[in-house]
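Given only the sequences and the hints, what does the whole structure look like? Please build it.
Chains F and Y, in that order, give the protein sequences.
Taking my numbering, the leading residue of the first sequence gets 159, the next gets one more, and so forth.
Taking my numbering, the leading residue of the second sequence gets 27, the next gets one more, and so forth.
Derived by calculation from the structure, the hints in this document are not laboratory data.
On a predicted model such as this, the values are computed, not experimentally measured, just so you know.
Possibly wrong hints are sitting among the right ones.
What the hints assert, rightly or not - Below, simulated PhoX-like cross-link-like pairs (lysine-lysine); rule was C-alpha separation at most 20 Å, straight line:
(1) Y/Lys136 - F/Lys349
(2) Y/Lys142 - Y/Lys132
(3) F/Lys329 - F/Lys349
(4) Y/Lys132 - F/Lys349
(5) F/Lys330 - F/Lys349
(6) F/Lys349 - F/Lys326
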Amino acid sequence: MRVLRLKILYGLVLPCLFLLIWQHFAVEKNNPALIPRVEAVVSVLAHGMSNIDELGTSSLAWNTIISLFRVFCGFFLAVIVGVPLGIAMGYSRRFYAVVNPFVEMFRPLCPIAWIPFAMAVFGLHSVINVFGIRYSDTILDTVQLAQLFIIFYGGFFPVLLNTVHSVKSVKKLWIESARSLGATRGQILVKIIAPASLPAVLTGIRIGLGVSWMVIIAAEMFPGPDLGIGYVLMYAADQGEMAIVVACMFVIGLIGLVINNGLQSIAGRISGWQALER
Amino acid sequence: MREKLLLTGISKQFSTDRDLRVTAFKDIDLTIMDGEFVCILGPTGCGKTTLLRIMAGLETPTEGSLRIDTVPVASVSEACTLVFQQYSLFPWLSVSQNVAFPLELKGYTKHERRKKARELLDHVGLGDFEDARPYELSGGMQQRAAIARALAYDPDILLMDEPFGALDEKTRRQLQILLLDIWRERLKTVVFVTHNIDEAIILADRIVVMASGPGRIVEHIDVPLNRPRDRVDKSFSSLYTRLRALLEL
Numbered sequence: 159m160r161v162l163r164l165k166i167l168y169g170l171v172l173p174c175l176f177l178l179i180w181q182h183f184a185v186e187k188n189n190p191a192l193i194p195r196v197e198a199v200v201s202v203l204a205h206g207m208s209n210i211d212e213l214g215t216s217s218l219a220w221n222t223i224i225s226l227f228r229v230f231c232g233f234f235l236a237v238i239v240g241v242p243l244g245i246a247m248g249y250s251r252r253f254y255a256v257v258n259p260f261v262e263m264f265r266p267l268c269p270i271a272w273i274p275f276a277m278a279v280f281g282l283h284s285v286i287n288v289f290g291i292r293y294s295d296t297i298l299d300t301v302q303l304a305q306l307f308i309i310f311y312g313g314f315f316p317v318l319l320n321t322v323h324s325v326k327s328v329k330k331l332w333i334e335s336a337r338s339l340g341a342t343r344g345q346i347l348v349k350i351i352a353p354a355s356l357p358a359v360l361t362g363i364r365i366g367l368g369v370s371w372m373v374i375i376a377a378e379m380f381p382g383p384d385l386g387i388g389y390v391l392m393y394a395a396d397q398g399e400m401a402i403v404v405a406c407m408f409v410i411g412l413i414g415l416v417i418n419n420g421l422q423s424i425a426g427r428i429s430g431w432q433a434l435e436r
Numbered sequence: 027m028r029e030k031l032l033l034t035g036i037s038k039q040f041s042t043d044r045d046l047r048v049t050a051f052k053d054i055d056l057t058i059m060d061g062e063f064v065c066i067l068g069p070t071g072c073g074k075t076t077l078l079r080i081m082a083g084l085e086t087p088t089e090g091s092l093r094i095d096t097v098p099v100a101s102v103s104e105a106c107t108l109v110f111q112q113y114s115l116f117p118w119l120s121v122s123q124n125v126a127f128p129l130e131l132k133g134y135t136k137h138e139r140r141k142k143a144r145e146l147l148d149h150v151g152l153g154d155f156e157d158a159r160p161y162e163l164s165g166g167m168q169q170r171a172a173i174a175r176a177l178a179y180d181p182d183i184l185l186m187d188e189p190f191g192a193l194d195e196k197t198r199r200q201l202q203i204l205l206l207d208i209w210r211e212r213l214k215t216v217v218f219v220t221h222n223i224d225e226a227i228i229l230a231d232r233i234v235v236m237a238s239g240p241g242r243i244v245e246h247i248d249v250p251l252n253r254p255r256d257r258v259d260k261s262f263s264s265l266y267t268r269l270r271a272l273l274e275l
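This is how it looks when you write it as structure tokens:
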């Protein structure tokens, strides 16, 4: 408990220092459209539950929830496609040889590069439109297909590559032991490769979710629902409301931190053997 | 006694990256009888491990055939299992689950698995470590568990690739005694690869001596000593000297 408290204390040193320097320049420049003062940003955050009057949009909290929902939907798709595909690519050399060059060609493309294309293909349709419903009055109305695509694209590659690598690097010794003890190919996949590669797959999921969350800004550049923290950030920038911009940046950063640490501790609990084996 | 394992004209070549073909060994003929304890003794690089892996079905010979109980075998066989030199327990499973692994593959119920694993762990002296994790055990204990796991598979032939190679002398001797007990009680056939002359004499009914460059069998030596064998016995030391000469040490 004391160690934990000390760890948190250490983690707070640099942010505090950063705030001090920030405030110093904010006071010196005295131009809120350039560098807002810390208290102006704090005030935006403190009123996070009430609507952002300056922009006539709903609250920071609601915008954040919508963004999180979009990211989880898009990232969920990245996991259910990326993990099985990665296992297949890691398991079969031939399948890897067929798929890998194709995948590697797409990987260097920044999600932003896909915005025009995604808009041309998916238009401004929301998820609910796919089911033939125009408007459902639920959160699903705010999730556009094009947004899901961008978020999926961001998270997909870390998940895929980590899965491929983890399956490929399962110790040959474990596979041969299992074979020699009578395991079939299917049993080796389920009883050896799955548990042995789980830690690295979880790492891929952690990194991938981080990237999916990062590209929320790009995903919310599409015209349409006019909601989401990325949308608020860009819109506030247009209006010269730098305090709101910085508040949004802070929220995005903080949530990224929480997601990362949360997944890290879950992964540690599930696959503790990996750390202890060393 | 009947023939258990029959190797005829076994050769193995490995191809390297630059299309070089390296011959591990050529034209190996070897017969192992049912219930026999055979040690394959040879220097590093004579192909003894590869030969054992061929018996285990983990490696395909370039030429030659392998028969178990007169039936030709081309892949992994139910009749034998391999105990590796490296620590091969699965770290995501407990020691007991590791031992029960082959039973799980065969579809035994959880209760049966647990019971059988406990029996086997008691047998190898690890009764108190059922719920431990492999990485919490010492090297000797891990190899004990690996032997228990191999016994759970219940093969006719136990193939062992220098399983005690990484252990200290005291632990090594304890495990040699354990292995001999198991062999005597369970009537298994054992093929045991080692480069340690002392170990080969302590364990084997027959020592198959291999030489390298290219790998070949140079001699079969029956060990006429009664068990338990005494390292200070005169015939022990004369056998030791003879094997040293054969290995050109």
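Tested hints:
| no. | hint | verdict |
| --- | --- | --- |
| 1 | Y/Lys136 - F/Lys349 | holds (15 Å) |
| 2 | Y/Lys142 - Y/Lys132 | holds (13 Å) |
| 3 | F/Lys329 - F/Lys349 | holds (13 Å) |
| 4 | Y/Lys132 - F/Lys349 | holds (13 Å) |
| 5 | F/Lys330 - F/Lys349 | holds (14 Å) |
| 6 | F/Lys349 - F/Lys326 | holds (15 Å) |
In the structure shown, no violation is registered for any of the earlier numbered hints.
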